[in-house]
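Asks: What follows is the residue order along each chain.
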Amino acid sequence: MVFYIFGTLAFFTALLVVTQKNVVHSALSLILFFVAMAGLFISLEAEFLAGLQIFLYAGGIMVMFVFVVMIINIPKSQREPRFTKQRYIALVVMIILFIEVIYLLSKTVFKGTKGIFTPEKVAKISNTVAVGQVLYREYLFAFELISLVVLVSMIGAVVLSTRRIRQRKSRSPMTESGK
Amino acid sequence: MIQLDHYLILGAIIFFIGLTGMLIRRNIFIILMCIELMFNAVNLNLVAFSRHLSNLDGQIFSIFVIAIAACESAIGLAIFIAVNRNKETFDIDEVNLMKW
Numbered sequence: 002m003v004f005y006i007f008g009t010l011a012f013f014t015a016l017l018v019v020t021q022k023n024v025v026h027s028a029l030s031l032i033l034f035f036v037a038m039a040g041l042f043i044s045l046e047a048e049f050l051a052g053l054q055i056f057l058y059a060g061g062i063m064v065m066f067v068f069v070v071m072i073i074n075i076p077k078s079q080r081e082p083r084f085t086k087q088r089y090i091a092l093v094v095m096i097i098l099f100i101e102v103i104y105l106l107s108k109t110v111f112k113g114t115k116g117i118f119t120p121e122k123v124a125k126i127s128n129t130v131a132v133g134q135v136l137y138r139e140y141l142f143a144f145e146l147i148s149l150v151v152l153v154s155m156i157g158a159v160v161l162s163t164r165r166i167r168q169r170k171s172r173s174p175m176t177e178s179g180k
Numbered sequence: 398m399i400q401l402d403h404y405l406i407l408g409a410i411i412f413f414i415g416l417t418g419m420l421i422r423r424n425i426f427i428i429l430m431c432i433e434l435m436f437n438a439v440n441l442n443l444v445a446f447s448r449h450l451s452n453l454d455g456q457i458f459s460i461f462v463i464a465i466a467a468c469e470s471a472i473g474l475a476i477f478i479a480v481n482r483n484k485e486t487f488d489i490d491e492v493n494l495m496k497w
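Going line by line, the protein sequences match chains B and W. Counting in this note's numbering, the first sequence runs from 2 upward without gaps. Counting in this note's numbering, the second sequence runs from 398 upward without gaps.
All the given hints hold, so there is nothing to weed out.
Partial chain B-side listing against chain W, Cβ under 10 Å, derived: (1) LEU31; (2) ARG83; (3) PHE118.
By construction, these hints were calculated from the structure, which means they are not laboratory data. Note that the Cβ used here is the ideal one computed from N, Cα and C, for glycine as well.
Okay, chain W solo, but in the shape it has when bound:
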């Protein structure tokens, strides 16, 4: 039986890969994908704790996280399509319409 710590460390590694990718990539789609990576790391932690404490609440929370992730990526892609109509770019450094 694999210990709880293994799952937590794997979750931390994946979360930080996602967070680093979100900060360093320029492409908007990759940034959304990195957010999905972070959601999955959180789900892994929740399920690992659910198994560890023999309590199913963690799995229920994961179901809610998956639903919110679906909503978030739908809204995010719609926003990017709207931005793309105004400004033909996918570079996150150039989308600064609301900056000044």
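Chain B extracted, bound-state conformation:
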């Protein structure tokens, strides 16, 4: 039951993200989509990931999105044609691909060896403890590497968004005249 409630919510909010005209409206629908996703994670007994989803996506990434949308002024004339030129071709190809994927899913039987973290065992030590044990024992090196990636992307974002300030002073007035 929980799956159907949050699943339909996720489906319709995802559709709204794609079809809304205003960027801020689709950002707000995306926040609702993330909350629905967190509900789905809880129905899969991944409570830590559900919390992480709300903290990081709804709290962090979407705030960044909304701030950038608000500090940059999008002219009204550019909002009007919402879709690109290749929209019909893209739609047809996507529908064909989607039917193909659904067909493959209906034909596949998913097997595989069961792991050691059965729901009863995870319920005994709580999901967060179990995830922490796996993350800091087996995936410690990957965890360190991901922190390096985050550091690099942070430096990259700062460098990319501040570089023009120095160059703007030395610009010739010819290029400024376009504004």
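Using the hints provided, position chain W relative to the given structure of chain B.
Replies: Structure of chain W alone, referenced to chain B:
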């Protein structure tokens, strides 16, 4: 108990909504949001398999995917700010500085 297939089909639907939106929308911000939709569909599949196989590796992978998604959107927004300083547009069809 909901079967694994339900989650996989929902993940496929959301992934294709995101992919279609990424291909047909012109606004750069919407395209980044559609990439986030696709990341979330992948996360849903990973967690569903993690539950199905009673193995926590899928949830660990999802944590890494979320971290990479945060990095990606930060870099993407910074690139768009840089593009916006050069060329005052948010139309993806008009950003073709590197095309020729």
